[in-house]
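There are 2 protein chains.
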Amino acid sequence: MDISSLIQKNDTKIVFIILDGVGGLPINKKTELEAANKPNIDNLAKVSACGLHIPVAYGITPGSGPGHFGVFGYDPLQYEIGRGVLEALGLGIELERSDVALRCNYATIKDGIIVDRRAGRIPTEKNIELTKKLSEKIKEINGVKIILKSGKEHRFCLVMRFPKTITDKQAMVIDTDPQKEGQPPQEPVPLNEESREVAEIARQFIKMAEELLKNEEKANYILLRGFSVIPHIPSFDKKYGLKACSIAVYPMYRGITRLLGMETLSVEGDIKEEIGLLKKVYQNYDFLFLHIKKVDSFGEDGNFEAKVKKIEEFDGYLPEILSLNPDVLVITGDHSTPSLLKAHSWHPVPVLIKSPYVLGGLVNSFTERECLKGELGIIPAISIMPLVLANSLRLRKFGA
Amino acid sequence: MDISSLIQKNDTKIVFIILDGVGGLPINKKTELEAANKPNIDNLAKVSACGLHIPVAYGITPGSGPGHFGVFGYDPLQYEIGRGVLEALGLGIELERSDVALRCNYATIKDGIIVDRRAGRIPTEKNIELTKKLSEKIKEINGVKIILKSGKEHRFCLVMRFPKTITDKQAMVIDTDPQKEGQPPQEPVPLNEESREVAEIARQFIKMAEELLKNEEKANYILLRGFSVIPHIPSFDKKYGLKACSIAVYPMYRGITRLLGMETLSVEGDIKEEIGLLKKVYQNYDFLFLHIKKVDSFGEDGNFEAKVKKIEEFDGYLPEILSLNPDVLVITGDHSTPSLLKAHSWHPVPVLIKSPYVLGGLVNSFTERECLKGELGIIPAISIMPLVLANSLRLRKFGA
Numbered sequence: 031m032d033i034s035s036l037i038q039k040n041d042t043k044i045v046f047i048i049l050d051g052v053g054g055l056p057i058n059k060k061t062e063l064e065a066a067n068k069p070n071i072d073n074l075a076k077v078s079a080c081g082l083h084i085p086v087a088y089g090i091t092p093g094s095g096p097g098h099f100g101v102f103g104y105d106p107l108q109y110e111i112g113r114g115v116l117e118a119l120g121l122g123i124e125l126e127r128s129d130v131a132l133r134c135n136y137a138t139i140k141d142g143i144i145v146d147r148r149a150g151r152i153p154t155e156k157n158i159e160l161t162k163k164l165s166e167k168i169k170e171i172n173g174v175k176i177i178l179k180s181g182k183e184h185r186f187c188l189v190m191r192f193p194k195t196i197t198d199k200q201a202m203v204i205d206t207d208p209q210k211e212g213q214p215p216q217e218p219v220p221l222n223e224e225s226r227e228v229a230e231i232a233r234q235f236i237k238m239a240e241e242l243l244k245n246e247e248k249a250n251y252i253l254l255r256g257f258s259v260i261p262h263i264p265s266f267d268k269k270y271g272l273k274a275c276s277i278a279v280y281p282m283y284r285g286i287t288r289l290l291g292m293e294t295l296s297v298e299g300d301i302k303e304e305i306g307l308l309k310k311v312y313q314n315y316d317f318l319f320l321h322i323k324k325v326d327s328f329g330e331d332g333n334f335e336a337k338v339k340k341i342e343e344f345d346g347y348l349p350e351i352l353s354l355n356p357d358v359l360v361i362t363g364d365h366s367t368p369s370l371l372k373a374h375s376w377h378p379v380p381v382l383i384k385s386p387y388v389l390g391g392l393v394n395s396f397t398e399r400e401c402l403k404g405e406l407g408i409i410p411a412i413s414i415m416p417l418v419l420a421n422s423l424r425l426r427k428f429g430a
Numbered sequence: 031m032d033i034s035s036l037i038q039k040n041d042t043k044i045v046f047i048i049l050d051g052v053g054g055l056p057i058n059k060k061t062e063l064e065a066a067n068k069p070n071i072d073n074l075a076k077v078s079a080c081g082l083h084i085p086v087a088y089g090i091t092p093g094s095g096p097g098h099f100g101v102f103g104y105d106p107l108q109y110e111i112g113r114g115v116l117e118a119l120g121l122g123i124e125l126e127r128s129d130v131a132l133r134c135n136y137a138t139i140k141d142g143i144i145v146d147r148r149a150g151r152i153p154t155e156k157n158i159e160l161t162k163k164l165s166e167k168i169k170e171i172n173g174v175k176i177i178l179k180s181g182k183e184h185r186f187c188l189v190m191r192f193p194k195t196i197t198d199k200q201a202m203v204i205d206t207d208p209q210k211e212g213q214p215p216q217e218p219v220p221l222n223e224e225s226r227e228v229a230e231i232a233r234q235f236i237k238m239a240e241e242l243l244k245n246e247e248k249a250n251y252i253l254l255r256g257f258s259v260i261p262h263i264p265s266f267d268k269k270y271g272l273k274a275c276s277i278a279v280y281p282m283y284r285g286i287t288r289l290l291g292m293e294t295l296s297v298e299g300d301i302k303e304e305i306g307l308l309k310k311v312y313q314n315y316d317f318l319f320l321h322i323k324k325v326d327s328f329g330e331d332g333n334f335e336a337k338v339k340k341i342e343e344f345d346g347y348l349p350e351i352l353s354l355n356p357d358v359l360v361i362t363g364d365h366s367t368p369s370l371l372k373a374h375s376w377h378p379v380p381v382l383i384k385s386p387y388v389l390g391g392l393v394n395s396f397t398e399r400e401c402l403k404g405e406l407g408i409i410p411a412i413s414i415m416p417l418v419l420a421n422s423l424r425l426r427k428f429g430a
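Protein sequence lines, in the order shown, are assigned to chains A and B.
Counting from 1 along the first sequence, just add 30 to a position and that's the residue number in this note's numbering.
Counting from 1 along the second sequence, just add 30 to a position and that's the residue number in this note's numbering.
The shape of chain A in the complex, shown without the other chains (with noise of 0.2 Å):
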């Protein structure tokens, strides 16, 4: 149902927390979570509701922006970030409306065959130096501003910048990334009559890169795939009545929060500088998210004591938080990360909802297997924000 005809506004205050990927897998029959110790979160944990939530559908590994846009509600089935448009999140690049992003490869092909899509997987530090002597080189095509900027690797991002808004139907064109080497690239075909601007703008594109790049000995190509615009999703404020803000020092994740229109609070450091930033803004917001990034980081390498470790450390900061006092406080994940499996993964991850208005009593920690003893038991991640706005008290009644 759609809950934004029984919100109240009150003067309530949400903390929410996603440590993210913080559900794992045993390994040597332990949990990350189970291994780590963690008084603080356990001992909230036992006066909190908690469960587990399923962030997409069962057996389905999220990605990052599915998992965000999940546990904030947004059912990821429907609204869908596109590659390109999560690739310049990542890298930080403000979007606008009037833009359509792409993620690129520097590839290396050889007779008109890519003859490997990765170009051997050239240094960050090559790929700087060639996306400046792009960058330096085009400009601009046809009136549309270019703006490039790299990734790791052999990984970059074009911003194609229209003088007017582009809409999701003015950017159908087909990747040029033949997903297989021994093939040619393919063409950037328009899928429909209003595409053909943007399909003539890829294809100069890779004509002048092309060109460029022509003495390189591995990067002498580049594969173009995820054109895409910033979807148009209700704004937080328009959905729940919060004023939000987030905090998060990866720019992905202030990239994905600034589309659900939160403001975006840039920190640089880690937890602790997060936690700093958390206790200074805290009275501008009704709602503030608060990301810790490298618990999935150390899980995706596969390091389980790291993880391990980082969950400890957050744990540390966690009285700082509680001083603050929020009316509801919410700790989870977006996915699990299990250190076994080095990659996200499909199982549900543990959430704590604490608040005044819960049973509590019924889990001895914050784990995987004790939060399914919990009075939340295994909900779908959209379910979390209702229970939020309900247990703040911002939630009328539904019919009389």
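It is worth saying that the hints were derived from the structure and are not from the lab.
Heads up, a few of these hints could be off.
Since the list gives no way to pick out one identical chain from another, each pair is judged satisfied if it fits inside one copy or across any two copies.
Taking lysine to any residue and the SDA-like style, the derived pairs with C-alpha atoms no more than 20 Å apart in a straight line are [stated by the list, open to error]:
| # | residue 1 | residue 2 |
| --- | --- | --- |
| 1 | 167 | 33 |
| 2 | 59 | 390 |
| 3 | 403 | 336 |
| 4 | 179 | 153 |
| 5 | 59 | 403 |
| 6 | 372 | 386 |
| 7 | 248 | 148 |
| 8 | 179 | 296 |
| 9 | 372 | 298 |
Source: prediction; values computed, not measured.
With chain A held as given, fit chain B onto it using these hints.
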């Protein structure tokens, strides 16, 4: 799925008990159900299928209409009761298909501006006096019968009884209540061509009432809202093949169950009288619904002890119900009403299904926390009736 196609009739008997608003939250660590000394319910829970139900959706607090619709298997998001209809049902008016019902307030107007939407909450006696006066002077408008009934304080109900059937499309008229003071009342504007007649009667009624009330100090005006007709809902008999009756002291619950096609039996008193009636009519029905109101009333008063006592009082009568030996016995609530919140809430509601075909042995008592361990898990309210029908062996196999 539509289970109507799977219905098979038999001679089983189902007793379905709603302890209105029974779910609660801890005060001094115990919920109302946990604090109550209720050996009979607890012993029954030990051998029953237990769990919790979500009345409408996660985080959604239901009104009485959606709460009852859900547990009876009618999706509250699909079937809605209008404000006017609910008010009429609550006052014991037996609505017909030719009726348009409205919720009305006595109000104070000065120089065309509403200065008090509730006329200073006039005493109910004053309301009765004024409503009698209006009733005597306004018996019909344009051939449409006008039925008025006093509620508490400033509230009353207006029913327009037409000589013909009226559909919801003919009753789409804007509320005259501006919902804020310091503003003029709104005109009863019809939202479509078909609703002109209803709007015109409303306009004339307001004018006549204003003239009759003009010398009143406080209640010198009336505000109308919630223009509505009784919804089209498949009856219990049609949907489930059940001959059903409803035993409820309060008119609203008799009204809601009459909408579902149950025979509504009048009873004065409280639990004792209701159970006396249950025993008396037991042989006449397949499905007997028993509604215990005051559990909710004390919850809404914030009177934890009185709510506990009312649960204990019901417990004392349970052996009488069990002695009837129904094939399936259900005990649940339509929603939670924690004394802590003094209001309906969004929390899952304990549910118990006693039948010969359950696992049992999973819970020690009928409480919010114990029911989490039960075999039903946390289920949507609309899943209760299919389970009840299955346990009474009234559902055929689906598919070959």
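Against the structure, the hints come out as follows:
Proximity of residue 167 to residue 33 under the C-alpha cut-off of 20 Å is found in neither arrangement, the shortest distances being 50 Å within a copy and 44 Å between copies. Only between protomers do residue 59 and residue 390 lie at most 20 Å apart by alpha-carbon distance; the minimum there is 9 Å, versus 26 Å within a single protomer. In the homo-oligomer, the alpha carbons of residue 403 and residue 336 never lie at most 20 Å apart, since the shortest distance is 27 Å inside one protomer and 30 Å across protomers. In this homomeric assembly, residue 179 and residue 153 come within 20 Å of each other (Cα to Cα) only inside a single copy, at 15 Å, whereas the closest approach across copies is 73 Å.
When the C-alpha separation of residue 59 and residue 403 is checked against a cutoff of 20 Å, the pair qualifies both within a copy, at 19 Å, and between copies, at 18 Å. In this assembly of identical chains, the alpha carbons of residue 372 and residue 386 lie at most 20 Å apart only when taken from different copies (14 Å versus 37 Å within one copy). In this homomeric assembly, residue 248 and residue 148 come within 20 Å of each other (Cα to Cα) only inside a single copy, at 9 Å, whereas the closest approach across copies is 80 Å. In this homomeric assembly, residue 179 and residue 296 come within 20 Å of each other (Cα to Cα) only inside a single copy, at 19 Å, whereas the closest approach across copies is 61 Å.
Taking identical chains as interchangeable, the C-alpha atoms of residue 372 and residue 298 are never at most 20 Å apart, the minima being 26 Å within one chain and 45 Å between chains.
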